[in-house]
Amino acid sequence: MPRRATGAVDKPDPEPAAPRRQGRPTSIEGPRERLQVWLRRRTRRRLRLWAALLDQDVSEVADEGLTHYLDWMDQERATQGLPPLPPVE
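Reading the sequence shown from the start, the letters are residues 1 to 89 in my numbering.
Quick caveat, the hints were computed from the structure, so don't treat them as lab data. Treat each hint with caution, since some may be false.
[Unchecked claim] Label pairs and their computed distance ranges (CB to CB):
(1) LEU82 - GLN56: 29 to 37 Å
(2) THR43 - ASP71: 16 to 24 Å
(3) GLY81 - ARG34: 35 to 43 Å
(4) TRP72 - LEU49: 33 to 41 Å
(5) ARG46 - PRO84: 12 to 20 Å
(6) GLU60 - ARG40: 17 to 25 Å
All residues carry an ideal CB built from backbone N, CA and C; glycine is no exception.
Work out the full structure: start from the sequences and follow the hints.
Shown next as structure tokens:
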């Protein structure tokens, strides 16, 4: 039988936990694919911190950040007079 600390009082949670999503996550663009990316320790920590502050999944924060970065790269190509990259399907 598990031991319980004496004098411990059960406190109700201030707000219930958000329900966990079931199944594979999907986005507006369709099902997501798993991709392993190697990040520096500092980058991983910052990513986890921002995900916690925004109350989002790490994948959601990474997806948004990478999308902004890739859009910026496309704009940089255009300002340099380079042709756009072919569309990704």
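Now for the hints, and whether the structure bears them out:
no., hint, result
1, LEU82 - GLN56: 29 to 37 Å, "34 Å, holds"
2, THR43 - ASP71: 16 to 24 Å, "19 Å, holds"
3, GLY81 - ARG34: 35 to 43 Å, "37 Å, holds"
4, TRP72 - LEU49: 33 to 41 Å, "22 Å, violated"
5, ARG46 - PRO84: 12 to 20 Å, "30 Å, violated"
6, GLU60 - ARG40: 17 to 25 Å, "20 Å, holds"
In this structure, the earlier hints numbered 4 and 5 are contradicted, and the remaining ones agree with it.
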